[in-house]
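Same order as they appear, the protein sequences are chains G and H.
Each residue of the first sequence is one higher than the last, beginning at 18 in our numbering.
Each residue of the second sequence is one higher than the last, beginning at 18 in our numbering.
These are computed hints drawn from the structure, not numbers from a lab.
Yeah, the Cβ is synthetic: ideal placement off N, Cα and C, and Gly gets one too.
Hints are supplied without guarantee of correctness; some may be wrong.
Unchecked claim - Restraint ranges, calculated between C-beta atoms of paired labels, are given here: (1) G:Ala164 x H:Glu200: 22 to 32 Å; (2) G:Thr170 x H:Asp203: 21 to 31 Å; (3) G:Glu200 x H:Lys42: 53 to 63 Å; (4) G:Ser131 x H:Gly117: 28 to 38 Å; (5) H:Asn31 x G:Asp140: 26 to 36 Å; (6) H:Glu200 x G:Gly38: 34 to 44 Å; (7) G:Thr206 x H:Ser210: 49 to 59 Å; (8) G:Lys35 x H:Ser92: 31 to 41 Å.
To be verified - No farther apart than 25 Å at their CA atoms in a straight line, the calculated lysine to aspartate or glutamate pairs in the DMTMM-like style are these: (9) G:Lys68 x H:Asp55; (10) H:Lys35 x G:Asp60; (11) G:Lys68 x H:Glu64; (12) H:Lys42 x G:Asp197; (13) H:Lys53 x G:Glu72; (14) H:Lys42 x G:Glu134; (15) G:Lys53 x H:Asp109; (16) G:Lys35 x H:Glu27; (17) G:Lys53 x H:Glu134; (18) H:Lys71 x G:Asp60; (19) G:Lys68 x H:Glu72; (20) H:Lys24 x G:Glu64; (21) G:Lys24 x H:Glu134; (22) H:Lys53 x G:Glu157.
There are 2 protein chains.
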Amino acid sequence: MYNFPSKLLENAVNELSKLPGIGRKTALRLVLHLLKQDSAIADALGESIIKLRKEINYCKLCHNISDSEICLICSNPQRDQGIVCVVEDVRDVMAIENTGLYKGVYHVLGGIISPMEGVGPGDLNFDSLIGKAAKGEIKEIIMALSATMEGDTTNFYLYKRLKEFQITISTIARGISIGDELEYADEITLGRSIMNRTPYENMLKG
Amino acid sequence: MYNFPSKLLENAVNELSKLPGIGRKTALRLVLHLLKQDSAIADALGESIIKLRKEINYCKLCHNISDSEICLICSNPQRDQGIVCVVEDVRDVMAIENTGLYKGVYHVLGGIISPMEGVGPGDLNFDSLIGKAAKGEIKEIIMALSATMEGDTTNFYLYKRLKEFQITISTIARGISIGDELEYADEITLGRSIMNRTPYENMLKG
Numbered sequence: 018m019y020n021f022p023s024k025l026l027e028n029a030v031n032e033l034s035k036l037p038g039i040g041r042k043t044a045l046r047l048v049l050h051l052l053k054q055d056s057a058i059a060d061a062l063g064e065s066i067i068k069l070r071k072e073i074n075y076c077k078l079c080h081n082i083s084d085s086e087i088c089l090i091c092s093n094p095q096r097d098q099g100i101v102c103v104v105e106d107v108r109d110v111m112a113i114e115n116t117g118l119y120k121g122v123y124h125v126l127g128g129i130i131s132p133m134e135g136v137g138p139g140d141l142n143f144d145s146l147i148g149k150a151a152k153g154e155i156k157e158i159i160m161a162l163s164a165t166m167e168g169d170t171t172n173f174y175l176y177k178r179l180k181e182f183q184i185t186i187s188t189i190a191r192g193i194s195i196g197d198e199l200e201y202a203d204e205i206t207l208g209r210s211i212m213n214r215t216p217y218e219n220m221l222k223g
Numbered sequence: 018m019y020n021f022p023s024k025l026l027e028n029a030v031n032e033l034s035k036l037p038g039i040g041r042k043t044a045l046r047l048v049l050h051l052l053k054q055d056s057a058i059a060d061a062l063g064e065s066i067i068k069l070r071k072e073i074n075y076c077k078l079c080h081n082i083s084d085s086e087i088c089l090i091c092s093n094p095q096r097d098q099g100i101v102c103v104v105e106d107v108r109d110v111m112a113i114e115n116t117g118l119y120k121g122v123y124h125v126l127g128g129i130i131s132p133m134e135g136v137g138p139g140d141l142n143f144d145s146l147i148g149k150a151a152k153g154e155i156k157e158i159i160m161a162l163s164a165t166m167e168g169d170t171t172n173f174y175l176y177k178r179l180k181e182f183q184i185t186i187s188t189i190a191r192g193i194s195i196g197d198e199l200e201y202a203d204e205i206t207l208g209r210s211i212m213n214r215t216p217y218e219n220m221l222k223g
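Can you make the complete structure from the sequences, with help from the hints?
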């Protein structure tokens with residue numbers, strides 16, 4: 018269908034269209050945009066991608082992306098190392114950090130258990146978390162995974178491996194979003210929000 | 018709002034989000050996808066972009082993107098050099114080539130006149146086309162630009178510069194798309210398709 022007049026062009030389009038959500042038409046549009054810009058912009062983009070993949074580093078403690086061996090959160094003496102929030106990836110860390118309300122540390126799994134996508138427990142960073150738990154370094158674990166079947170499966174797997182230790186295990190609260198109207202909430206969320214109702218004094222603190 | 022835990026990550030996200038239609042959340046999703054892939058994939062992407070921008074070449078005759086000094090269409094003796102189809106960019110050349118019905122050559126303007134985006138006649142490849150016309154090398158020019166205000170402006174500008182020469186000037190036909198139902202066509206298109214009706218014998222050839 019596509020007769021590219023240039024191998025260079027075809028090659029760049031092929032590579033860009035390997036990215037998720039970018040088809041060949043979009044890739045061609047992006048490439049033509051780059052050709053109209055100053056060449057420094059294309060160079061900076063190409064080099065930033067190569068450099069990122071080559072020099073990327075993960076924190077030895079929490080597995081989050083980090084420029085140093087131990088990330089800024091794990092090495093911060095103000096953060097409570099005894100409280101660990103388990104998340105899927107760096108985006109969740111950034112989202113929780115943006116709330117400004119959490120003072121513990123994180124543990125980044127690098128994904129969630131998903132048999133459909135061929136991701137099993139062996140592909141994720143579970144063992145180092147269990148190791149920390151076994152050493153008695155953790156007093157509380159907060160599971161902050163997506164409210165999906167994969168997230169629930171991962172929560173349950175983790176709960177089974179952690180329950181032998183003296184650790185408080187919780188999940189982040191599921192309920193009605195702030196600003197939402199009750200009549201539009203789905204029944205499962207509404208049901209859970211009634212079962213796990215919060216003492217009103219806690220609301221006053223938030 | 019975004020607290021990136023790594024400068025490398027932030028840099029790659031910044032560069033990717035300079036592309037049109039890619040916001041910072043999408044850029045982060047693409048970058049995290051690249052980090053999960055084999056490093057050869059990120060390298061190939063980065064290098065294809067740098068190489069394209071550095072080594073890109075445009076045909077000396079028609080200004081289309083080409084790996085050789087004269088593109089494969091312009092150097093093909095089977096193509097009629099006397100018929101020139103004027104298009105905006107390489108995507109239009111590819112679209113027309115895909116029909117398999119056109120046997121002339123192209124002239125790629127590299128854009129259309131758009132005062133809103135600061136693109137004037139001086140930014141586009143008009144002069145070489147006028148030069149060819151003045152030398153008497155062209156017998157017919159087909160203007161195949163978008164049916165937008167910018168396309169119409171460009172058509173009119175070109176028409177004014179070309180009318181002094183003995184050249185047949187036409188535009189591609191505007192009308193009802195094949196497969197479309199009349200009742201859903203807009204009035205301007207339907208009106209034009211009646212004004213510029215086609216002898217039925219021509220349809221039988223198509």
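Okay, the hints, checked on the actual structure:
1. G:Ala164 x H:Glu200: 22 to 32 Å: For G:Ala164 and H:Glu200 the Cβ distance comes to about 47 Å; the hint is violated.
2. G:Thr170 x H:Asp203: 21 to 31 Å: 52 Å, violated
3. G:Glu200 x H:Lys42: 53 to 63 Å: 30 Å, violated
4. G:Ser131 x H:Gly117: 28 to 38 Å: Given range 28 to 38 Å: violated, Cβ gap about 45 Å.
5. H:Asn31 x G:Asp140: 26 to 36 Å: 30 Å, holds
6. H:Glu200 x G:Gly38: 34 to 44 Å: 36 Å, holds
7. G:Thr206 x H:Ser210: 49 to 59 Å: Given a distance of about 53 Å, which is inside 49 to 59 Å, the answer is holds.
8. G:Lys35 x H:Ser92: 31 to 41 Å: 32 Å, holds
9. G:Lys68 x H:Asp55: Between G:Lys68 and H:Asp55 the Cα gap is close to 14 Å, so the pair holds against 25 Å.
10. H:Lys35 x G:Asp60: 13 Å, holds
11. G:Lys68 x H:Glu64: Distance of about 11 Å is within 25 Å: holds.
12. H:Lys42 x G:Asp197: Roughly 24 Å between the alpha carbons, so the hint for H:Lys42 and G:Asp197 holds.
13. H:Lys53 x G:Glu72: Cα-Cα ~14 Å, so holds.
14. H:Lys42 x G:Glu134: Status holds; Cα separation ~22 Å.
15. G:Lys53 x H:Asp109: 16 Å, holds
16. G:Lys35 x H:Glu27: 21 Å, holds
17. G:Lys53 x H:Glu134: 13 Å, holds
18. H:Lys71 x G:Asp60: 9 Å, holds
19. G:Lys68 x H:Glu72: 21 Å, holds
20. H:Lys24 x G:Glu64: Status holds; Cα separation ~14 Å.
21. G:Lys24 x H:Glu134: Not satisfied, since the Cα-Cα distance of roughly 30 Å exceeds 25 Å.
22. H:Lys53 x G:Glu157: 29 Å, violated
Comparing the model with each numbered hint stated earlier shows that hints 1, 2, 3, 4, 21 and 22 do not hold.
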